[in-house]
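> Protein sequences appear in the order of chains A and B. Numbering follows the working numbering, in which position 117 of the first sequence is assigned residue number 102; successive positions increment by one, without gaps. Numbering follows the working numbering, in which position 10 of the second sequence is assigned residue number 8; successive positions increment by one, without gaps.
I should point out that these hints are in silico values taken from the structure, not numbers from a laboratory. Please note: incorrect hints may appear among the correct ones.
Claimed, not checked - Derived, one-sided and incomplete: chain A residues facing chain B with beta-carbon distance under 10 Å:
1) Leu151
2) Asp155
3) Val162
4) Ser163
5) Ser208
Unchecked claim - The calculated label-pair distances, taken between Cβ atoms and stated as ranges, are:
6) A:Leu8 <-> B:Leu158: 40 to 48 Å
7) B:Ser97 <-> A:Ala171: 27 to 35 Å
8) B:Gln189 <-> A:Arg164: 21 to 29 Å
9) A:Ala144 <-> B:Gln103: 26 to 34 Å
10) B:Asn107 <-> A:Ala143: 25 to 33 Å
11) A:Arg83 <-> B:Gln189: 40 to 48 Å
12) B:Pro192 <-> A:Ala136: 38 to 46 Å
13) A:Ala171 <-> B:Gln63: 47 to 55 Å
14) A:Trp75 <-> B:Gln63: 21 to 29 Å
15) A:Pro212 <-> B:Asp142: 54 to 62 Å
On a predicted model such as this, the values are computed, not experimentally measured, just so you know. All residues carry an ideal CB built from backbone N, CA and C; glycine is no exception.
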Amino acid sequence: MLITVSHFWQPFSEFVFMRRALLGGLVLACSTAPLGVFLILRRMSLIGDAVAHGILPGAALGFWFAGLSLPALTLGGLGAGLSMAGLAAWITRRTGLREDASLAAVYPISLASGVLILGMAGKRLDLLHLLFGSALAVDGPTLTGMLWVSALSLVAMAAIYKALLLDTLDPLFLRTVSRLGPLAHAVFLTLVVLNLVIGFQAIGALMVVGLMMLPAAASRFWSRRLPVLIAVAAVVGCLSVWLGLLLSFYYSLPSGPAIVLVAGVGYLLSVVFGPVHGLLHRPPLLTFQ
Amino acid sequence: MIRCQSLVWGAPGQPLTTPLSLEFESASLTAVIGANGCGKSSLLKVIAGLQKPLAGKVEMAVPRQSGISFLPQQQHLDRQFPISLEELIAAGFWGRRLSTQLRTQRLKNALEDWHLSGLEQRPLMALSGGELQRALLARLSLADAPVLLLDEPHAALDELGQQLLWQHIHHWQAEGRTLVVVCHDLVAVRQHIPHTLLIRNGHCVYGTSRELIQPTPSMRVA
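With the rest of the complex left out, here is chain A (with noise of 0.2 Å):
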């Protein structure tokens, strides 16, 4: 096949669903690329894979009671994304246990219970969909949701931006100074699940945590700000959707791994590439002493 420019716009000009999805996978990039960053340098990568598998049982349980509803499948999955993320948080401070290893306890937990509770409501909701989602089906409802919740997360972060970033770096010396750091502690994770939720929809749940944890890893990789960093995972998550929908038109392939496998692409591309540590580039400025 002959490529051309315009094979790069056609689709979305010709089809409807095409541009929708489009419009709801880039802002989803903007808003998760912040976020992503931020999990990342939180040492809080694990939390997107928490939520994302606690989002199944509260979906499924969403589906089973109301059906194939945005509103059900959107509160259900908030809800137990939240109280999963929350659970595995809270035996972290009551116990002691590391919280990797509370929150890798915590998603088979909901990934199981997730495909039990889809198993009793019958087979009417697809599992393959809501793991790894259709893009195809951005709905105008979701579509509203998606921009909705992009446009609340960059308001958001913004507005945290400052006490976020010192309760990362030094949690003690804002705990000095301020009492944000706790509330925008919450208000991020906050963020992190709604998210998630509001993407799992379009990317699948298990998905969604690859376009925000993919970009942002891939960025740490081409600078040392912290304000590029967020656009360089922003412009990798938008670059992924982009061209993973059309491959996913073209070859008529899954549209969220195909995004994320874009997005895999970008991350491999910058871990040999990047000027930052990059595998091209020697001397390896990290030694270890």
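Chain A is fixed; fit chain B onto it per the hints.
Showing chain B alone in chain A's frame:
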């Protein structure tokens, strides 16, 4: 300025010392010395309000949020964090309402004071331990708090850096600030800090540094 009343601190059920009742006077300079794990850093955290005491209380003549600056040990900082030295230091302005002009001027002064000029744009990763420590001290100085709690401020500093540190400590005291300094360098404590709180075998002893610390240069509280 800081009054500890029957203060007991440590992990729940494991108090580190017998109750401490002591007043750190305004514009005083006090060292806290003792072996590793005796509770020096925890005492600073309790005073700073970062850790709850097991019993007793700390009364403070200034509000905690704006009145105290705490210099933690630097190893808890993530050295890969993507910010520059200047951004780290400027965090010292947190919560203070100053004009941009004043901020720029003070930041510049702090950089000069701590011999950090020219390193403004360096990422944390590219700083030496001593440079990072001076940056943390510079951040502390920008906060302009009346109470300064320093946890091993001399750590990672070279000869010149230590001179700089003691100059500033004396200067801060002369300005009327109250300082509590956790320090392992007993020779320096004896030389620079008039009063000492010694924590040993679960007891606290307060006195002048010259009484509590023998003048043998190699002496360490083990």
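> Would you list, in rising numerical order, the hints stated earlier that this structure does not obey?
6, 8, 12, 13, 15
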